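Asks: So the chains spell out like this:
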Amino acid sequence: MRLPLRHLAPALAILAGTMAACAELATEPPADGEVFDAPFAELSAGELRVFLTGDAEFSRRFAPATGLGPIFNNASCFSCHSADGRGRVENSLVRLGTPDNDFLPHLGGPQIQDRAIAGAIAEMVPDGVPLSRRLPPPVFGVGLIEAIPDASILANADPDDANGDGISGRPNWVSVRDYVPGGVPGAARTALGRFGRKAQTATLLEQVVEAYHQDMGITSVFRPAENVNVRAPFSDDQAIDPEIPVATVQAVVHYVRALAPPAPGADTPTRRTGAALFASVGCAACHTPAFTTGPSSIAALAGRRVEAYSDFLLHDMGDALADQRPDGQASGREWRTPPLWGLRLMRRFLDGDAFLMHDGRARTVEAAILLHGGEGERARAAFAALDPASRRTLLDFVESR
Amino acid sequence: MMRHLLIAIAALLVAGSARAQQADTTDRPFVRGGVYDKPFQHRLAGRAVFGGYAEVHWRHERADGLLVDGGFEAKRFNLFANARVSDFVRFAAELEFEEGGREVSLEFAAMDLRLHPALSLRGGIILSPLGRFNLAHDSPLTEFTDRPLVSTEIIGVALSEPAIGAFGRVRTGGASRLTWELYATNGFSDGVVTASEAGTRIPAGRGNFKDNNGSPALVGRVAWSPRLGTEFGLSAHRGQWNTHASEGVAFDARRSLTIAVLDVEAEWRGVLLQGEAATAAIAVPDGLHGIYATRQAGGYVEVVREFARGLVRTMPQSSFAAKARFDAIDLNRHVRGDAVVRFTAGLTFRPTRDSAIKFDLVRGRDRDQFNNPTERAAVLVSLTTYF
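Protein sequence lines correspond, in order, to chains U and H. Heads up: take any position in the first sequence, counting from 1, add 1, and you land on my numbering. Heads up: take any position in the second sequence, counting from 1, add 1317, and you land on my numbering.
Since no wrong hints were added, every one of them can be taken at face value.
So the derived list for chain U, only partly shown, Cβ under 7 angstroms to chain H, looks like this:
| # | residue |
| --- | --- |
| 1 | Glu25 |
| 2 | Leu26 |
| 3 | Thr28 |
| 4 | Arg62 |
| 5 | Ala64 |
| 6 | Ala76 |
| 7 | Ala117 |
| 8 | Ala119 |
Chain H stretches covered by chain U per the calculated footprint, using a threshold of three residues with CB under 8 angstroms from any CB of chain U:
| # | region |
| --- | --- |
| 9 | 1377 to 1391 |
| 10 | 1511 to 1517 |
| 11 | 1602 to 1612 |
| 12 | 1687 to 1701 |
Simulated from the structure, these hints should not be mistaken for lab results. Note that the structure is predicted; figures quoted are calculated from it, not measured. Positions of the beta carbon are idealized from the N, C-alpha and C atoms, including for glycine.
The following block holds chain U by itself, in its conformation from the complex (with noise of 0.2 angstroms):
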């Protein structure tokens, strides 16, 4: 066989880009600890095939002809905690209320479906009443925050600040829908909340039966009638309702419930000098370093150190960050104190910028402990006596974690 250098030269170069190809051909899956979006390691196989389903779902984009809608503000969770993280403030959504706890039903509250299918009117934000505008929070980690024994909470509770220390901290007792297991029919249940920017939702299925029937006009056997515009005529989407079945429910909450925090940073000294700054200059009172669970459906989650930086109470934060919408016990002044974990990636999932505080009014790290007001106006005074170089430090730490 006659072989011409001018068919050698293609075919050694198609050679030689293939071997070169091939590396990157395998792509690189993301270091342990780096993402959101994964699974805590010691799940069972039978436990990580429902985490698989619900993960499908959790990114799935309703359509129309899915059930999206009638109103909606957007069509899949992911498209609002990106990568399981925070949102941005495009992702936001508006609750409505007044400061003696009306939600305002008859004008589209409590939370306003600002988009809507073809065929439905989005609903309208009404003048002259108080509005609160939430960031899309990061959904990992909420397994561990369930798994907290309310004793440990409600331990770190100083409603009338015995301790003289500024900062009271309080429980929200939020009244539990009766499609939650476990209640007596017919029979009030109250509960200590822990999800949502005022700690108002007690459970993860309430979370996700909500966000499915509120932000994304999706019903299930929980909520089997869709959310409509009560100041628009009737109208429906296109899909029969329950729109997705109770398995699909169940899966996505399971889904969240397993899914790990990020790890923190290297533990450095400087991080260390940080970690002791972030205690003595007080902002420790309320993101409380650590808990540990108690029992949790998934055996991999009980028993488990909590890193979380919150002490999943209330605080009354000051006239600049108030809202003047009460929800639950929580007043129109209070705000749950945030987790701080993921915070050293969170640029990462939002295209490098960075969006904090309950409606994601700050841009660094710096300018939300600088928004700190009322109970939180000691530590932001502290901090900003700090030396640069202390203060550097102690972002350092934060922005670790």
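Once you've looked at the hints, dock chain H against the given chain U.
Replies: Here is chain H on its own, set in the frame of chain U:
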């Protein structure tokens, strides 16, 4: 359906290799590789000729280090038939079986009435002249296993529509010529926005066999070719996609869809270059703004160099081709993400021109609506042949 298939297959077997003479007597095909330019069509006793192609894939696709798609796919099995009914009338059809027969569609079934080289009428189910690739995309004709992204995600190849219109060719001096096609069709359907869970997806509005709004869409293409193997085409679609009224009552605004496509084919020193660029504007209901794309765009460019013709001694007509393609699509021009880029390189071996064994290496990056990247890679092998 099944019976027709069996008859068609039996017919092919009986036909043997009596090769039909091309019905078209003009110097070169209207669209290279398009309808009436298929090799290996066999004439039966009467005036009909038959042919087809088949394609099988093996895929191994990874995303961020995980296997996401793998295995074998009986991708397509297509049958062509055409008949010269009289000196003026021709009829051609293409029946496509996809995914092992789970999807069957009549991709083409149209009659042509030839009045003059510059004017023929065509009616039936046509391949819309929206980019050259939609007109000529038989797997044995193309060099890559996967179709260009702009074709599958934005134009919606194979885009076939019920239509009536006309086409023709005009000599423009020397070897050059101008071809044109213009048709009225139903256009796309509500599916553009309602059907796909991915958001605005034009291909999801294909298959509008029963008009949904009473206003026809127009699709047309003009192409100028200075010589065989070089062509520049410009095509466009414009029409209303949504249902806006029922029983005379208008309940929604009329919403339009416009797609414009530029296509190029050129040959230079044995290197074949092909490319297409498309842009689409979709009028989306107000309530969906922000999360449903109103502008999309994309394109691809590929280069192919044949080499080692006749190198395999036992197959004197065999050849190899080295190939590379770059694909980019932006599924929502108004957000930074929601886009895909892909680079494909590989090798094709053709025992003869009508059969191909393709080997493709693919590397690309998808970005979700937050601009979060997913690294993608794939190894594809496919076998395809005309018959």
